[in-house]
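Participant: The lines below spell out each chain.
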Amino acid sequence: MTLLLDIISTAAILFIVAAGLLAIFGVLKIINFAHGAWLTVGAYCAVVTTELGLNPWFALPLAFILGALLGGLTERFIVRPLYRRPLDAILATWGLGIVIGQLITLWFGRDVHFTTALMQGTVDVLGTSYSFYRLFAVLAALAIGLGFAFLLDGTRLGLSAQAVIMNEALARALGIDTEKVRLATFMAGAGLAALAGVLLAPMTSVDPNMGVPWLTGAFMLVMVAGTSFGALAVACLLFGAAQVVVSTFLSPILGGITVAVLCAITLRIRPKWFARA
Amino acid sequence: MSDAAKLQLNGISSGYGAVDVINEVTLSVRSGEIFALMGKNGMGKTTLLKSILGLIKLTRGSVAVDEKSIAGRKPSELIACGIGYAPQEQPLFQDLSIRDNLRLALTSDRKLAAAQERVYGYFPFLKERLSQKAGTLSGGEQKMLILARALMLQPKLLLIDEISEGLQPSVVSKIADVLKHEAASNGTTILLVEQNLDFALSIADRWAVLKLGAIDDQDTNGPDSRSRVLQHLKI
Amino acid sequence: MRDSQKLRLFLLVGLAVVALLLVVFGPAVLGRFSLNVLTRSMIYAMLALTVDLLWGYTGILTFGQAAFFGVGAYATAMVLMHIGASPSLLLLAFVAAIIVPVVLGLIVGWLSFYHGSTPLYATVISLVVPIVMTQIVFSGGVWTGSSSGLVGYDVLPLGLTGFFRLTGFCLLVLAVLAIVFVRSDAGRLLVAIRDNEARVAYLGINPARVKILLTATLAGVAGLAGFLYANASGVVAPENTGFVFGTEIVVWTALGGRGTIIGPVLGAIGIDYLSASLSGDLPFLWQLVIGGLFVVMIIVLPGGLASLVTRHFPRGKGQQSLKAMPTTADANGTDRREDVFVSIENLGKSYGSLAVLKGINLDIRPGELVSIVGPNGAGKTTMMRCLSDGTEPIEGTVTINGHNIAGLAPEGVVSLGVGRKFQVASIFDTMTVAECLRMARLRHVTPSFTRSETEIALPGPAAEILQLTGIAEIMDRPVSLLSHGQRQALELAMVVALEPKLILLDEPTAGLTKAERTTIGTVLKTLTAKLGFAAILVEHDLDFVRDISSRIVVLHHGKLVLDGTVEDVIHSEIVRTIYSGGAHV
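Protein chains in written order, with the working numbering: chain A, 8 to 284; chain B, 3 to 237; chain C, 31 to 615.
For reference, chain A alone in the conformation it holds in the complex (with noise of 0.2 Å):
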């Protein structure tokens, strides 16, 4: 039972992480290597909103809203230049990493910070006792999920964005503005990452550099899922799964590179099959 709800909330995890990254992927065609660096600006939202002895809740609009900010500006002037380069924006994006880093670190130091859960305790769960917080992880992707099919099915923007990812010049064609399509879509994506950095402070620690392991999974979980919403969550639930067996049967370290080996195969043997699915 433990191990099946830890299979769940990992994968829920894994796609909280994963989805702004998506999200930029599919509209902008760019990867974002910034994506650890944002995370991490999430997370310190929550170690200052501990700090200063606020409702630890506060942390997340206060996270989205200056994770969308700084997205904004790198799209207006790092990402945009380099459209069509998309090699060198992963490396324009990489440096931007470092430098929120350590601007981070100049500013909060070096050291492991903690924060206060938003929640607590346990609770029963069919017999078995499970971590209160992992379980409103699941409920946490769950509600993005929702939130981005509703976005996209539901609003302008939404549409805008679809119609950008399916036929961007047809797009243009239409009289859409792809420009301020590209540019919301990386401030909801940068947003989002924050957001998942607070959600993820209670459950690790928060040092600078904590963003960038989990950048290299959600990087790969995109790679495989393509630009569908639906691909990343099964993609997350079946590497998530292997990652949960893996860790708990073999070795936590080698859990640890479950996610990347095996979308790397994947992408080798079947680079499409998880886009179809």
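Possibly wrong hints are sitting among the right ones.
Examples of chain C residues lying across from chain A (beta carbon under 7 Å, computed) [unchecked claim]:
1. V154
2. I161
3. V172
4. W173
5. S176
6. S178
7. T277
8. F314
9. L318
10. G322
Derived SDA-like pairs: lysine to any residue, alpha-carbon spacing no greater than 25 Å straight-line [unchecked claim]:
11. A:K36 <-> C:R224
12. C:K589 <-> B:D200
13. B:K113 <-> A:A191
14. C:K589 <-> B:L139
15. A:K187 <-> B:G74
16. A:K36 <-> C:H145
17. C:K555 <-> B:L214
18. B:K129 <-> A:A191
19. B:K76 <-> A:I85
20. B:K213 <-> C:E603
21. A:K187 <-> B:K113
22. B:K129 <-> A:I85
23. C:K388 <-> B:K76
24. A:K187 <-> B:K129
25. B:K213 <-> C:V454
26. B:K76 <-> A:A191
27. A:K187 <-> B:C83
28. B:K158 <-> B:T109
29. A:K187 <-> B:S99
30. C:K544 <-> B:G63
31. A:K36 <-> C:V326
Covered by chain A, per the in silico footprint, the following chain C stretches (three or more residues, Cβ under 8 Å) [as the list claims (entries may be wrong)]:
32. 69-78
33. 279-290
34. 326-338
These are computed hints drawn from the structure, not numbers from a lab.
For each residue, glycine too, the CB sits at the ideal point set by N, CA and C.
Given chain A, work out where chains B and C should sit, using these hints.
Facilitator: This is chains B and C only, laid out in the frame that chain A set:
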């Protein structure tokens, strides 16, 4: 119809990369007329339409709409101020519904209902099948959807790229009726890019032939037009 | 041009001499700290050099060199720690430090490069490899020392100065080898792959294989650097194999100047040395500056600092002269003109539910010039693709020269005697005319790894195309300065230089002037009627088609509706209706 130029191309050149596909084209389309631009494949017709909309940058010359230059305006701005476009290559979002394809013609949903009613008047089948995916429509239905979408905004100037391609005669004549009606009752100016000269000449007020990226010949539509155009398109 | 070239050579030699002097006499003037740091910096510079060859020259952005470096270092340390450090074991460690990364490099290369793989995918793999290696080190227990690494093993008995000189010497040798290689004819192939991988494949060279070999070789070089590092520092740690270290190497390369050898070497040494000197005083600020500089550099100066210097020294190639090889009167032999060279049986091709080609049957013999005409969307270009790339999923069979091409990648089809000219001239945009032509000859002429030849021998017809179009006079001109028509002609010459038996041409006259069309037309007629090439031509310009074809095939809605002589087709009612309007055939 008046003599004022709705659309004026002043010696425009444009193309892809180092190559100009369009070479110094000068053309005047009068307000309220249907103008047929014909030419064989690869002669630059599609490029010309894209250049007007700003989808391809001009290397020389200028475009004026209502006698005002539109240099430097984004495609989204041009379309918002009344230019409709029915493209030829990959013209529909295959995986989106008819409704969403129509919605994408407008920037907000406020005027959606009214605009939809307007195009249902021309193509009633759309109303019944709103949630069907565009990719599952037949070839003729897809073409009608493309035209309907271009008409959603009630454009003052309509650019149409090979709408009759691969269609049955009955659908072609249906489309011809719609365009004639649109020009006559709403005063819409239409620039029609075509290979099907029978269709084009059946509704055009004037015509021109594009050859190797330049205007080869142009005139008012008359009894000898067909043979003249055919001469230019000769095999 | 010649003067700047001499100056360039002089500068390079001067630089090498200065470097050699520094390596030999450096220890006399430098303090302990500097010697220590510079030894490490020079090892890192070797890595930057490998990243540069992969990324700057070949276009493969890689974070994986750190992994090969780490594997080399760990292989060395594990041998010395767990087995011993006798001279023979040191040799074993040396061999292992190179062989293991090479094998790993072959595996990584196989994973990363295959027909149809994307550059992003290779980058993804290069990211996974160091992550996996780090985790393996972590889970290696006493064998790898886990998170604390390995320390306290015996090393080469060289001392501080000895290691400084050894490292410096190795770096110098590597840098000189790299400079010689990238300027050689073989080395230009890397740039060709970066510029236009599809064209390389359609010149009959397997780009994936070249990249795999390069990856494996440079993995070995990284392993050598690892061996030096494990000896010089006396300690190896998991960070040495990690992804973050991998990105640092890329940062040095980018700042120094990708696509130059000296830039990344100096970039790595400079930044690493400054980091070590400054980080004591302003540890995080320094990283911040580097990061910021990196972002700005990528956006506004992608060529790195070196591009500030190199723009004053345009890369000159000595005068290239053209030599026409004697032409055999008939490439295929007149007696074989009746043999079918290409046989298309029941060819069909669909994209999803959309059928683009349906049930095409066609035979083509040597000496024929078959034109395919038809309106937009008739499936003409798709048909060309099906004839030249056997990995396209199709129905029916395509047989070329007696071989079914199913499953053959473009380079395989080329070796059956097929040359393809694309619609938009597909050449190598950062090369000169002569270099492009040399790439086209690589299938027949083994290139030199050390020299750049000054004479280029081409088959007669290819040389003739160049002479007729005036390109023969401008062999040293960068192709980016060619006119549209010259680019088309150059690509045609490249295809003919492959000595194919069948040429596929997709709209060779699009955008050409009348005079250029006539020239191309004449050349094509000579190639087919006189020299016995077979050619398939997709063309919109029916006047052109009529003048040069020996046969015309009409496609409409993916079906072959007519196949006959020029007269048959021109006067047929079907063609008239297709072209005058919405006929349904």
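Participant: Give a verdict on every hint.
Facilitator: Hints, one by one, checked against the model:
1. V154: Check passed: Cβ of V154 (chain C) comes within 6 Å of chain A, closer than 7 Å.
2. I161: 6 Å, holds
3. V172: 15 Å, violated
4. W173: 14 Å, violated
5. S176: 9 Å, violated
6. S178: The hint is violated - S178 (chain C) has no Cβ within 7 Å of chain A, the shortest such distance being about 15 Å.
7. T277: At about 6 Å, which falls below the 7 Å cut-off, the nearest Cβ of chain A leaves the hint on T277 (chain C) intact, so it holds.
8. F314: 5 Å, holds
9. L318: 4 Å, holds
10. G322: Hint on G322 (chain C): holds, closest Cβ of chain A at ~5 Å, below 7 Å.
11. A:K36 <-> C:R224: 21 Å, holds
12. C:K589 <-> B:D200: This hinted pair holds, its Cα atoms lying about 24 Å apart.
13. B:K113 <-> A:A191: 23 Å, holds
14. C:K589 <-> B:L139: 22 Å, holds
15. A:K187 <-> B:G74: 17 Å, holds
16. A:K36 <-> C:H145: 22 Å, holds
17. C:K555 <-> B:L214: Roughly 23 Å separates the two Cα atoms, so the pair holds.
18. B:K129 <-> A:A191: 32 Å, violated
19. B:K76 <-> A:I85: Between K76 (chain B) and I85 (chain A) the Cα gap is close to 22 Å, so the pair holds against 25 Å.
20. B:K213 <-> C:E603: Within the cut-off at roughly 23 Å; holds.
21. A:K187 <-> B:K113: 21 Å, holds
22. B:K129 <-> A:I85: 45 Å, violated
23. C:K388 <-> B:K76: 41 Å, violated
24. A:K187 <-> B:K129: 31 Å, violated
25. B:K213 <-> C:V454: Distance ~19 Å between K213 (chain B) and V454 (chain C) Cα, so the pair holds.
26. B:K76 <-> A:A191: 18 Å, holds
27. A:K187 <-> B:C83: Roughly 18 Å between the alpha carbons, so the hint for K187 (chain A) and C83 (chain B) holds.
28. B:K158 <-> B:T109: 17 Å, holds
29. A:K187 <-> B:S99: Judged against 25 Å, a Cα distance of about 23 Å means the pair holds.
30. C:K544 <-> B:G63: Satisfied, since the Cα-Cα distance of roughly 24 Å is no more than 25 Å.
31. A:K36 <-> C:V326: Judged against 25 Å, a Cα distance of about 21 Å means the pair holds.
32. 69-78: n = 0 at 8 Å, threshold three: violated.
33. 279-290: holds (count 3)
34. 326-338: holds (count 3)
Against the hints set out earlier in the document, violations occur for numbers 3, 4, 5, 6, 18, 22, 23, 24, 32.
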